[in-house]
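Assemble the whole structure, with the sequences as input and the hints as a guide.
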Amino acid sequence: MTSTDANRDAGTGASTDASSGASRDTGTGVNRDAGIGVSTDASSGASRDTGTDASRDAGIGVSVDASSGVSRDMGTGVNRDAGIGVSADASTGASREAGTDASRDAASGASADASSGVSHDAATGVSHDAAADASGAAGSGMTTDMTTEFTTRITEAVVASLDGTADPRLRELLSALTRHLHAFVRETEPTTAEWERAIAFLTATGQACTDTRQEFVLLSDVLGVSMLVETINSDDRAGATESTVLGPFHMTESPARALGADIDLVGGGEPCVISGRVLSGDGTPLPGAILDVWQANAEGYYDVQQPDVQPPGNGRGLFTADADGRFWFRTCVPSPYPIPTDGPVGDLLRATARHPYRPAHIHFIASAEGHTPVTTHIFVAGSEHLDSDAVFAVKESLVQDFTETDDPSLARRFGIPNPFRHARFDLVLTTSDAPGARAPEGS
Numbered sequence: 001m002t003s004t005d006a007n008r009d010a011g012t013g014a015s016t017d018a019s020s021g022a023s024r025d026t027g028t029g030v031n032r033d034a035g036i037g038v039s040t041d042a043s044s045g046a047s048r049d050t051g052t053d054a055s056r057d058a059g060i061g062v063s064v065d066a067s068s069g070v071s072r073d074m075g076t077g078v079n080r081d082a083g084i085g086v087s088a089d090a091s092t093g094a095s096r097e098a099g100t101d102a103s104r105d106a107a108s109g110a111s112a113d114a115s116s117g118v119s120h121d122a123a124t125g126v127s128h129d130a131a132a133d134a135s136g137a138a139g140s141g142m143t144t145d146m147t148t149e150f151t152t153r154i155t156e157a158v159v160a161s162l163d164g165t166a167d168p169r170l171r172e173l174l175s176a177l178t179r180h181l182h183a184f185v186r187e188t189e190p191t192t193a194e195w196e197r198a199i200a201f202l203t204a205t206g207q208a209c210t211d212t213r214q215e216f217v218l219l220s221d222v223l224g225v226s227m228l229v230e231t232i233n234s235d236d237r238a239g240a241t242e243s244t245v246l247g248p249f250h251m252t253e254s255p256a257r258a259l260g261a262d263i264d265l266v267g268g269g270e271p272c273v274i275s276g277r278v279l280s281g282d283g284t285p286l287p288g289a290i291l292d293v294w295q296a297n298a299e300g301y302y303d304v305q306q307p308d309v310q311p312p313g314n315g316r317g318l319f320t321a322d323a324d325g326r327f328w329f330r331t332c333v334p335s336p337y338p339i340p341t342d343g344p345v346g347d348l349l350r351a352t353a354r355h356p357y358r359p360a361h362i363h364f365i366a367s368a369e370g371h372t373p374v375t376t377h378i379f380v381a382g383s384e385h386l387d388s389d390a391v392f393a394v395k396e397s398l399v400q401d402f403t404e405t406d407d408p409s410l411a412r413r414f415g416i417p418n419p420f421r422h423a424r425f426d427l428v429l430t431t432s433d434a435p436g437a438r439a440p441e442g443s
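The numbers in our numbering rise by one with no breaks, and the one at position 60 of the sequence shown is 60.
Check before you lean on any hint, since a few could be wrong.
To be verified - Lysine to any residue pairs mimicking SDA-like chemistry, simulated, CA-CA at most 20 Å apart:
id : residue 1 : residue 2
1  : Lys395    : Val159
2  : Lys395    : Val225
3  : Lys395    : Pro419
4  : Lys395    : Gly382
5  : Lys395    : Leu223
6  : Lys395    : Gly346
7  : Lys395    : Ser409
8  : Lys395    : Ser220
9  : Lys395    : Ala423
10 : Lys395    : Arg424
None of these hints come from the bench; they were simulated from the model.
Just so it is clear, the structure is predicted and the values come from calculations on it, not from any experiment.
Here you go:
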């Protein structure tokens, strides 16, 4: 029988006995058909050439008995495709190539026992491919790839879980929060201990909040978030009074007071008059405009910080502008002061070597019917810390002169001792429907 016929018939299941030591040429046709189920007995030590086609098709299920120490040429094709399912009897020490999983196992520590003398072509064969698989699979690269895939999938899964949120704005906010928070974790890779400390810090921040102290607002302030939110939501049209942070001490209702009243109920500070007008964007006075005012005393403390020293409402007042939009009241010149440092926010400032001071200022919320309210400060020109406000709230347009005034007649008019300090400025609001104006919260 010719070699060609033998190969064709063997492809249907024939078994060829090579016990005489004959060398069998398993050429292209043999390898292709033998892949269906041919078993070759190499017990005599016959040398078998498993070429490219053999390697490809033998991968379907051929079993090779190498117990006699057959030398096998496992070329590029063998290593690539035999991995689909080739099983080799390695009782003599031959290494096993079982595809992707075998390559991964080999990369993580599998070794081939060559005690029988089995020769492997490592240049283009098993060893070469196993190393390549290892670098992309079982080694550190595999761990990195799997970790990257998981961190991506978990973010997508959490965002997808929000799809049923009925409020579209809430869904948008929570989705963005999830993506950015996950990105922060991926970027910084906090340890478990660091994350637990972060949770403990936020817990302590919440526990520090009371009816008269808002530690979370203070945290938002010192991180610049309060100022960023305020600026984004402020009227960006030229001419409108610029906004700044609310601060943590707008905690109690300011008492209504008559124009010209003194909000410094304790005294001891340098006397001062604050006066001006509330105007619309086109310069029209806004009669009946409301001004909510609050400030620290001359020592830098708010009434809620010293309930045993200051009476409730000290440094606070709710004023109504007159028919010409004018307002005026008496007080003391405020002083720079430190924000509270006896809580978690103070710990944060110390850990970052930051000072806690704010420049001297007075708080205002101005509102009028049909106009967008503005929350702002008036800063005392020349005050310390104007260039390093702990809460990043200073804007140049809000810095005003508290002019030293020696005018007995004017002092009598305001009902204040002479000399005194006098700050004059206008507060400008925009109409609620004006281009660039933002609707107030809750509208």
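Take the C-alpha atoms of lysine 395 and alanine 423, compute the straight-line distance between them, and say whether it is at most 20 Å. holds (17 Å)
Under the criterion that the straight-line Cα-Cα distance not exceed 20 Å, is the pair lysine 395, valine 225 satisfied? Given that 20 Å is the threshold and the Cα spacing comes to 16 Å, the pair holds.
Starting from lysine 395, check that the Cα of glycine 382 is at most 20 Å away, please. Cα-Cα ~14 Å, so holds.
Below or equal to 20 Å on CA atoms is what counts here, so check lysine 395 against valine 159. violated (38 Å)
Given hint glycine 346 paired with lysine 395 - CA-CA distance at most 20 Å: violated (24 Å)
Does lysine 395 pair with serine 220 here, judged by a C-alpha cut-off of 20 Å? holds (18 Å)
Within 20 Å, alpha carbon to alpha carbon, are lysine 395 and proline 419? Violated - the C-alpha atoms of proline 419 and lysine 395 are around 29 Å apart, more than 20 Å.
Quickly compare the C-alpha distance for lysine 395 and serine 409 to 20 Å and report which way the hint goes. violated (34 Å)
Lysine 395 and arginine 424: Cα distance at most 20 Å? Holds, because 17 Å separates the two Cα atoms, which is no more than 20 Å.
Hinted pair, alpha-carbon criterion (20 Å max): lysine 395, leucine 223. Please report holds or violated. holds (17 Å)
Of the numbered hints given earlier, the model fails hints 1, 3, 6 and 7; all others are met.
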